[in-house]
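So the protein sequences, as listed, match chains A and B. Mapped onto my numbering, the consecutive letters of the first sequence carry residue numbers 1 to 300. Mapped onto my numbering, the consecutive letters of the second sequence carry residue numbers 1 to 381.
Please note that a few of the clues may not be correct.
[Unchecked claim] Simulated crosslink set (DSS-like; lysine-lysine; CA at most 30 Å straight-line):
1. B/Lys120 with A/Lys105
2. A/Lys93 with A/Lys30
3. B/Lys356 with B/Lys373
4. A/Lys30 with A/Lys101
5. B/Lys106 with B/Lys191
6. B/Lys334 with B/Lys310
7. A/Lys101 with B/Lys155
8. A/Lys93 with B/Lys120
9. A/Lys30 with A/Lys105
10. B/Lys106 with A/Lys101
11. B/Lys155 with B/Lys120
12. A/Lys168 with A/Lys30
13. A/Lys105 with B/Lys106
14. B/Lys106 with A/Lys93
15. B/Lys106 with B/Lys155
16. A/Lys101 with B/Lys120
17. B/Lys334 with B/Lys301
Calculated from the structure, these hints are not laboratory results. As the structure is a computational prediction, the values presented were derived from the model and not from experiment.
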Amino acid sequence: MPLGPVSSAIHVHGSVPADSPQASPRTPTKVTIHPVALFSILDHYLRRADSQARVIGTLLGTRNENEVEVKSSFAVLHSETSEQVAVDMEYLKTMYDLYHKVNPKDVIVGWYSTGSNLNTYSALIQNFYSQETAPYPAVLVALHAGVEEGVEAGVKAYVSAPVGVAPKPENCVFVPVPVDLKFQDSERSGLDLLNTTANSSTSTSTQPVAELEIIEQSIQSISEMLDRVLTYVQAVLSGEKKGDPAIGRYLMDTLGAGTDDLEKSGFNTSLQDTLMISYLANLVRAQAEVSSRLALTSAV
Amino acid sequence: MAAPSMAAALAANLPSAPVAPVQAAPKYEALPSSMAKLIDIEADIPLNIVQLDGLVVTKIIKHAREAPSTTAHGLLLGLDLDGVLEISNSFPLPHHGGDDGEKGSKSIARHQASMLRSLKEVQADDSVVGFYQATTLGAFFNQSLLETQAIHQEKLRHGGIVIIHDLSQTARGNASFRAFRLTAAFLDAYKRSSFSTSSLISHRLTFSSILEEVPLRIRTNPLLSSFLGSLTRSTKASSGDVPPANAAPASTLAPSFSVLDLNTTGTTRNLEQIVDSLESYRTEEGNLSYLSRQIARERAKADAYIAKRKDENQTRVAQGLAPLPEEDVSRMFKIPAEPSRLDSLVLLGQIDGYAKNLEVTASTGLVKMHGAKGGSGSDKA
Chain A
1 MPLGPVSSAI
11 HVHGSVPADS
21 PQASPRTPTK
31 VTIHPVALFS
41 ILDHYLRRAD
51 SQARVIGTLL
61 GTRNENEVEV
71 KSSFAVLHSE
81 TSEQVAVDME
91 YLKTMYDLYH
101 KVNPKDVIVG
111 WYSTGSNLNT
121 YSALIQNFYS
131 QETAPYPAVL
141 VALHAGVEEG
151 VEAGVKAYVS
161 APVGVAPKPE
171 NCVFVPVPVD
181 LKFQDSERSG
191 LDLLNTTANS
201 STSTSTQPVA
211 ELEIIEQSIQ
221 SISEMLDRVL
231 TYVQAVLSGE
241 KKGDPAIGRY
251 LMDTLGAGTD
261 DLEKSGFNTS
271 LQDTLMISYL
281 ANLVRAQAEV
291 SSRLALTSAV
Chain B
1 MAAPSMAAAL
11 AANLPSAPVA
21 PVQAAPKYEA
31 LPSSMAKLID
41 IEADIPLNIV
51 QLDGLVVTKI
61 IKHAREAPST
71 TAHGLLLGLD
81 LDGVLEISNS
91 FPLPHHGGDD
101 GEKGSKSIAR
111 HQASMLRSLK
121 EVQADDSVVG
131 FYQATTLGAF
141 FNQSLLETQA
151 IHQEKLRHGG
161 IVIIHDLSQT
171 ARGNASFRAF
181 RLTAAFLDAY
191 KRSSFSTSSL
201 ISHRLTFSSI
211 LEEVPLRIRT
221 NPLLSSFLGS
231 LTRSTKASSG
241 DVPPANAAPA
251 STLAPSFSVL
261 DLNTTGTTRN
271 LEQIVDSLES
281 YRTEEGNLSY
291 LSRQIARERA
301 KADAYIAKRK
311 DENQTRVAQG
321 LAPLPEEDVS
331 RMFKIPAEPS
341 RLDSLVLLGQ
351 IDGYAKNLEV
361 TASTGLVKMH
371 GAKGGSGSDK
381 A
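Model the full assembly from the supplied sequences, consistent with the hints where possible.
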């Protein structure tokens, strides 16, 4: 899923000689972020001191061929004044060790910053993180929380390239890299939950939700979709709209899915199985209850 | 793969539905009328509800999914205010599977202390209010959970709570979080560490009265809400012209229908686990009855000895001799202590958890099957 407004950034990448194996590792061409990392950044931003213009932190994750997957993040102390910028390295090391112990697969892949000002300090911090992630290049994820007027909330990712006649740490070009939100199927439901929570008027929702409610929601959204498809098909049939063969093909594939299994004896067999399991589960529960009550009677 | 792409292709063709963003009137959370009653040093105000922050939801889900074992656990941080326990952050604890307890618990304690110190430096909440535990198929009862919780009970304000996250239910499309705390009856029995039959009777303890559920709600802070809102909005806007054919199916916020999956692969595992825990319950019951038989035998021996001695004394008195001293029987016959029934209690709780989960799966499966049958348009049967 794209994060933020469509960017017109040209994705420039330094050409890497593909045939030289000892060449420095490739610059990442894609960054994916897990929701938990984003939410941690937002939380950190929310808890910043008033004097802090922006907050920074470390991104943890894994690297593929040329894709960086950001899996989590933690806040890092830093201070910026007009003269200097300082990052608490001790703190970073401690935190990294703690995170590493829990999840040994995740390594430092870069850093995050809120706001969009890419300045000299950003270059310096980038230089610092590049040492941490060496030999791989560090990525910078810039997050707009959307609190400033005129700036839409969104996420951008950058890699850096040295610039100038003589390379200096405070001089670099930040090259934008496409960034996507990524999560596992099992994390979906959590995100859905948060989404419904965010859309409710009080920003809260009660747990636990009965499974039937969720089924109901899904079925409702399916029937809405069917309505949309129906409107479209009718519009095409009546000649108001020109039919798109691609859509026709999709519809064919989707709606043509056979339910033959159900229609034959499969349904009844399956029904019997399910009823049996339901019966068994109830039986086990009743027995467990009886057994626990029996334990309360004394033998004498 | 086909479904989302089709939806997108449709969306590209249809005139975009006029989605008038319904702006809810901003609601401000009412400030408590008197702050005085909120100063709650002794934790006198009882907890009514647990409020889980959106960040913690994602953190727990991530940890539970990536943890090497199914029993991922970590600590919850937050504050309580006027009966609401707000959980604003969490961090995972390292997993020590094969480690022996002493060393493992020490390194966990170190980990915890240094994490708390670090979090404090970045102005995050640093007071531990409980812990979370991931589980599968609804069976979260186990000895270590109860023990950890009992330890917390003494150290934490309000005794701490435990949040149970069910992995298998989350995979089915229903992210499930529940909050529990120990009941007073269980704690009392635990403190005396007596789980004999008589103690169970006097405390009226069954597996369902070990833990009590605390209502739980999820909250997203305004910043997170607005961010999520703009994320979903920008998806809608940008999916206009680019058919996301190359996008992975997992990377859109379009509705997922995993909840409607008719597949019942989990059921076999669930049944297996019920059988397993029934088996261990049977073993445990066997042990218990063996022990109680042994107790009964020893007691009978002791009783017989006492009766015999009494008879002897009576005859001796009748003969005018001094009675033999009544010896301390308990020293001669070792009557074993009554075994703890906590194990079997916990096992029963586990069985109940599995069975409940199975029941829910079966009943929703029934609904889905009838739904699919109705949808397939063959209502002849």
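A quick look at each hint next to the structure:
In summary, the hint linking B/Lys120 to A/Lys105 is supported, as the alpha carbons are separated by about 26 Å, within the 30 Å threshold. Restraint check for A/Lys93 and A/Lys30: the C-alpha separation of about 26 Å stays at or below 30 Å, so the hint holds. Distance hint between B/Lys356 and B/Lys373 is fulfilled; the C-alpha atoms sit about 26 Å from each other, no more than 30 Å. Our distance criterion of 30 Å between C-alpha atoms is met by A/Lys30 and A/Lys101, whose separation comes to about 27 Å.
Restraint check: the Cα-Cα separation between B/Lys106 and B/Lys191 comes to about 23 Å, which is no more than 30 Å; the hinted pair holds. A hinted pair counts as satisfied when its Cα atoms are at most 30 Å apart, and B/Lys334 with B/Lys310 qualifies at roughly 20 Å. Distance restraint check for A/Lys101 and B/Lys155: the Cα-Cα separation of roughly 25 Å lies within the 30 Å cut-off, and the hinted pair is therefore satisfied. Note on A/Lys93 and B/Lys120: the hinted pairing holds, with a Cα-Cα distance of about 16 Å set against a maximum of 30 Å.
Restraint check: the Cα-Cα separation between A/Lys30 and A/Lys105 comes to about 19 Å, which is no more than 30 Å; the hinted pair holds. Straight-line distance between C-alpha atoms of B/Lys106 and A/Lys101 comes to about 14 Å, which keeps the hinted pair within the 30 Å bound. This hinted pair checks out: B/Lys155 and B/Lys120 have alpha carbons roughly 19 Å apart, not beyond 30 Å. Only pairs whose Cα atoms come within 30 Å are accepted, and A/Lys168 paired with A/Lys30 is accepted, the gap being roughly 26 Å.
A threshold of 30 Å between alpha carbons decides the hint, and for A/Lys105 with B/Lys106 the separation of about 23 Å falls inside it, so the pair holds. For the suggested pair B/Lys106 and A/Lys93, the alpha carbons sit about 21 Å apart, so the restraint of at most 30 Å is met. A distance of roughly 17 Å separates the Cα atoms of B/Lys106 and B/Lys155; the hinted pair therefore holds under the 30 Å criterion. At roughly 20 Å between alpha-carbon atoms, A/Lys101 and B/Lys120 fall within 30 Å of each other, so this suggested pair holds.
Proposed proximity of B/Lys334 and B/Lys301 is supported: the alpha carbons are some 10 Å apart, at most 30 Å.
The structure is consistent with each of the numbered hints, conforming to all of them.
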